[in-house]
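K.L.:
Residue numbers for the sequence shown, in the numbering used here: 29 to 291.
These are calculated hints, taken from the structure and not from any lab test.
Wrong hints could be hidden among the right ones.
[Stated by the list, open to error] BS3-like cross-link-like pairs, simulated, lysine-lysine; straight-line CA separation at most 27 Å: (1) 100 - 147; (2) 191 - 108; (3) 81 - 108; (4) 108 - 147; (5) 81 - 191; (6) 147 - 81; (7) 100 - 81.
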Amino acid sequence: MGSLATAVALAFAFAVALPFASLPSGDAYAQLPRIHVRGGARIEAHAARASGKLVLSGALVDDAARAVGGEKITLTIFPKGENNRPIELASGGVATACEGARGATAQPTLERADTITLKTDEGGRFCVRLGLARDRFVARLAFAGAGHVDATQSEVSVDLSLKPLTMRFDPVPRVLALDAGTTTLEIVATIDDEGTTTPGAGLPLTLTNESGVSLGAGTTNTSGRVRFIVESSTLGAPGRGELRVGFAGTSDTGAAVHAIPIE
Numbered sequence: 029m030g031s032l033a034t035a036v037a038l039a040f041a042f043a044v045a046l047p048f049a050s051l052p053s054g055d056a057y058a059q060l061p062r063i064h065v066r067g068g069a070r071i072e073a074h075a076a077r078a079s080g081k082l083v084l085s086g087a088l089v090d091d092a093a094r095a096v097g098g099e100k101i102t103l104t105i106f107p108k109g110e111n112n113r114p115i116e117l118a119s120g121g122v123a124t125a126c127e128g129a130r131g132a133t134a135q136p137t138l139e140r141a142d143t144i145t146l147k148t149d150e151g152g153r154f155c156v157r158l159g160l161a162r163d164r165f166v167a168r169l170a171f172a173g174a175g176h177v178d179a180t181q182s183e184v185s186v187d188l189s190l191k192p193l194t195m196r197f198d199p200v201p202r203v204l205a206l207d208a209g210t211t212t213l214e215i216v217a218t219i220d221d222e223g224t225t226t227p228g229a230g231l232p233l234t235l236t237n238e239s240g241v242s243l244g245a246g247t248t249n250t251s252g253r254v255r256f257i258v259e260s261s262t263l264g265a266p267g268r269g270e271l272r273v274g275f276a277g278t279s280d281t282g283a284a285v286h287a288i289p290i291e
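Modelling step: build the complete structure from the supplied sequences, incorporating the hints.
P.N.:
Right, here's the structure in full:
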């Protein structure tokens, strides 16, 4: 169960448990503390290359993996290693809409010379094409929060001189049982380059938890898959956590990291 749904259930149970006779009224009621329930959010983003341009796409979801549609995400690009000096995106044609799913193609809006705004579609998706030099960058995506969903941000490292690697869990785990002896996790790695998706074969990947503790290492097979069998005792304490799969990069494929929240 997501944290938002859990909090709502607890708040409701607490309210029902109070005897009606004990409920205050008037000014006394106005003095009672209010419970504000908000859920978490995360930005899932990945990079690809097409016609020499960076294609940055992904989705905004809440902590129950539900799409957060119709919201704004700001994008700022920094040279690698210079996180305080964003590059200007103001010149015409630098940032353009993607071709593809309805809504995810919304035209980027220039907020400042160094910041553009992307709008998510009903599926929480966004996509933008950026004409940048063949260099190394960090793309910073930020969501200011809205309604009952908290703010969040994410960063994606990009090297336009190398092939971009995308990694995902298949299936995506949400809850892991710590009393099980082992947990099996499978990763799929793909290379999205110039409109073609190919398996990321023969690549060494590492798996860690939110504390950076190693959970295993493996090499992808010819279909770009690798399976990790993890001792449950190494996953960490009960509660919220994170799984991170990483690739250090090679001479022709850029380094990459993919993280997901777990309970």
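K.L.:
When the structure is checked against the list of hints, which entries are broken? Sort them ascending.
P.N.:
none
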